[in-house]
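Hints are included, so try docking the two chains, each in its own frame, into the full complex.
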Amino acid sequence: MGMTDPPLVVVTLPPVLMRLFPGAEADVTLPAGTVAEALDALDARWPGMRDRICDSRPAIRQHINVFVEGERASLQTRLRPGASVFIITAISGG
Amino acid sequence: MTRKILILLGTKKGAFIAQSDPARQAWELRGPFCETWPMNHVTADPATGTLYGGGGNEWFGPAVWKSTDLGASWTHSSEGLAYPQGQDPVRSVWSLAAGQGSLYAGVQPAGLFRSDDGGESWRHLDGLQRHPTRPHWQPGGAGLILHSLVLHPDDARQIWVGISAAGVFHTADGGETWEPRNQGTRADFMPAGQNYPAFGQCVHCVVMAPGGSGRLYQQNHCGMYRSDDGGRSWDSIEAGLPSSFGFPAAAHPRDPATLYLLPLNGDVAGRYVPDGKAAVWRTRDGGASWQALRQGLPQSQVFFGVLRQAMATDRLDPAGVYFGTSTGSLFASADEGEHWAAIAEHLPPILSVETLVVDG
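Going down the list, the protein sequences come from chains V and F.
Every letter in the first sequence is one number past the one before it in the working numbering, and letter 55, counting from 1, is 55.
Every letter in the second sequence is one number past the one before it in the working numbering, and letter 175, counting from 1, is 175.
One or more hints might be untrue.
A few chain V residues that don't get close to chain F, going by computed Cβ distances all over 10 Å [claimed, not checked]: (1) P7; (2) L30; (3) A44.
Pair ranges (Cβ atoms, derived) [stated by the list, open to error]: (4) F:Q194 to V:Q76: 45 to 53 Å; (5) F:A72 to V:P14: 23 to 31 Å; (6) F:A47 to V:E25: 33 to 41 Å; (7) F:Q85 to V:P47: 17 to 25 Å; (8) V:P7 to F:G270: 54 to 62 Å; (9) V:R72 to F:S121: 26 to 34 Å; (10) F:A47 to V:T4: 45 to 53 Å; (11) F:E176 to V:D43: 27 to 35 Å.
No wet-lab data here; the hints were simulated from the structure.
Owing to the predicted nature of the structure, the values given are computational and were not obtained by experimental measurement.
Every residue, glycine too, gets a C-beta built ideally from N, C-alpha and C.
Bound conformation, chain F alone (with noise of 0.2 Å):
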């Protein structure tokens, strides 16, 4: 049995992967890949076991890598990743997502392409650009990206994106139409009065819930959500949280109603966590209730953030929870997030943490 578990890290300077055993307490740490591209997201095709990686380089471009031997070899396409001519090209891909054949790739300026060949060449589902509010979009302190890539895990016509500051949007028909899903999420930065409407939230992270159920979670800008029918209307969930702002949720692999957060202490008060000290919340029940879990993570003069696709799960039991901080630590919990160890420090600052486990 060599089962063991893969931590893909995208980062300002190149991909890394963490690699242990399903103990999950000795890792080590390879990398640089992706000749040190900055790489917003570094994902896996659960399916298959190939390692993708969304990325832009400022010379060169965007382009998707690809690996299908766990990382030891990297190769990289842009064909039919990129706008019609004259349009303002893609500047860089900044979230990929696995399912059922395809692969999906949300980019800068915020649109969706499609792969059906493993990530060799991609097709515009040019269904965003036509929607009716496109010219309203505001771009969020990133840029106008699409980073939330959420697919339905029976349905492959339905995706939920989320677009920064456009909000949630929801396709039932494969890309082609779209539906804001932003009802119950605020936006504060707009003037008294119009704080709920119905696009141009701030969304962070959108994430869905296992089981099937449709429940989804949402880090807002201004706020923490839960919905229970897809999206039509999000519930706050931010009570007995240390504020509304943050980056990054996690779900649990196996229970919908256990999410983690990660709060930082405000979005003009330099985005660190809480008090100088590192905690990552967790509910069990939906939201309704928060449990700060701190046992081995940093507790005094913290001034780090954990940004938008820096904290993911594992699928082992008991699972495994992870982030990666902006001063480029990897902290680790084998244990659903009751202990926590740095498994990596002094990596470039972490944009993305994602999991994949092989079985041998």
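If we strip away everything but chain V, and leave its shape as in the complex, we get (with noise of 0.2 Å):
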């Protein structure tokens, strides 16, 4: 890995979340500076699973929440080497 290549981190998706995508897995390993390149790389990996977590504005869903190191973030936030990142859906529906 060169000196600007992605750090990389540690996606957490959602149980719900991986029900649609058949063979995703729970923690993902990726290259990623932003929450936004983490999202690209999670599409990468199972084609069509940005739309799920963020919309066309862009923006994370609105019953969806990600955190980083504990913080709610959004797609501009930076991550770290090693950041833990946790896709978490939201208390919805009824």
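Written as structure tokens, this is what we have:
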């Protein structure tokens, strides 16, 4: 990995999202410098996954939360090497 | 001979399929499918037998689901099913229509998308967004939705859409340009003297009569209508019906003069079947006269409604008629509406009913 390559981070997917993408793993190690890049990397592995997490505005969907190091994040949030990124479904529905 | 019929159900919590042989007496129910997503419309391409389901999930947004094995397995995609960056995103898919090799999707907020690869990817037909009336469209009770999607049987460039509450629009050039087609339909919710606007009507459901004449039927928030000129003008056919309000309309598979409606008691009266008694109303003469069909339907203390995409006919002879209720019951008639039976109960609220006859 060169000096400019994005750092490796670990993304944890919610089970209800994994069910939509057969073969998806709960914990995914991938290179990403921001949350948006992490979603791009997920989409490269499981085409369509980015659309399930973020809308076309673009923004993280209203009832999805992304936490980085325990803090609620946006698409622009930067990721340090080894960061833990949790994608969580918020309480929703009836 | 293994001919079978499928009733395709979109519900608030997933897709379901009821299946029978052509006698349509014993039904097997399968589901839920599509990960229990709200499915506004589940339908089929009769040319290929592929099933499609349009919906939207509060967590994961809009998608079109697809099954090429009559519902045993499903995939989903929303590639290209999006408005440009910065605009309000597509919330859900409301209506699907397959014809002449293409699949169309009507969405909320109202717009039209087309897929030429069987729902794998989508292209926005943005002519509706560029229509000069677009800034003035008002959402109906379910939001600003494109729900009715009527394809011309022979001309792939002609499409009619129903948008709540913008009215009926028609394109003759594949979605580039559109013309409002609402002349003669009322907007009772507008101030006195402004009740017949060029657009802004609350259309609930538009269907095309068989036979290629261009005849259309419409259930509106304010009345029931027939058009014999492709929607350029509409005539009221509500005389003889118990109310002017309802959601679904279902055309007969062969007879252009036969239509099924399910009037409800009124927009501010609960939107139940009138008098607590369930009935489908049928005309055999293009709406000049109506007959209530009640045999086998509950006739006491009934407080359900039937939504705009939740009634359908099949193409068997005699034609089957089906409707699904807001309380999760599916009623069926195998004899053009003369006799009815509940063939599924206690489902989630039913949002759409369509049929597919599979010739084995």
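Now the hints, each set against the structure:
{"no.": "1", "hint": "P7", "result": "holds (27 Å)"}
{"no.": "2", "hint": "L30", "result": "holds (20 Å)"}
{"no.": "3", "hint": "A44", "result": "holds (14 Å)"}
{"no.": "4", "hint": "F:Q194 to V:Q76: 45 to 53 Å", "result": "holds (47 Å)"}
{"no.": "5", "hint": "F:A72 to V:P14: 23 to 31 Å", "result": "holds (26 Å)"}
{"no.": "6", "hint": "F:A47 to V:E25: 33 to 41 Å", "result": "holds (38 Å)"}
{"no.": "7", "hint": "F:Q85 to V:P47: 17 to 25 Å", "result": "holds (20 Å)"}
{"no.": "8", "hint": "V:P7 to F:G270: 54 to 62 Å", "result": "holds (59 Å)"}
{"no.": "9", "hint": "V:R72 to F:S121: 26 to 34 Å", "result": "holds (32 Å)"}
{"no.": "10", "hint": "F:A47 to V:T4: 45 to 53 Å", "result": "holds (51 Å)"}
{"no.": "11", "hint": "F:E176 to V:D43: 27 to 35 Å", "result": "holds (31 Å)"}
The structure agrees with every numbered hint stated previously.
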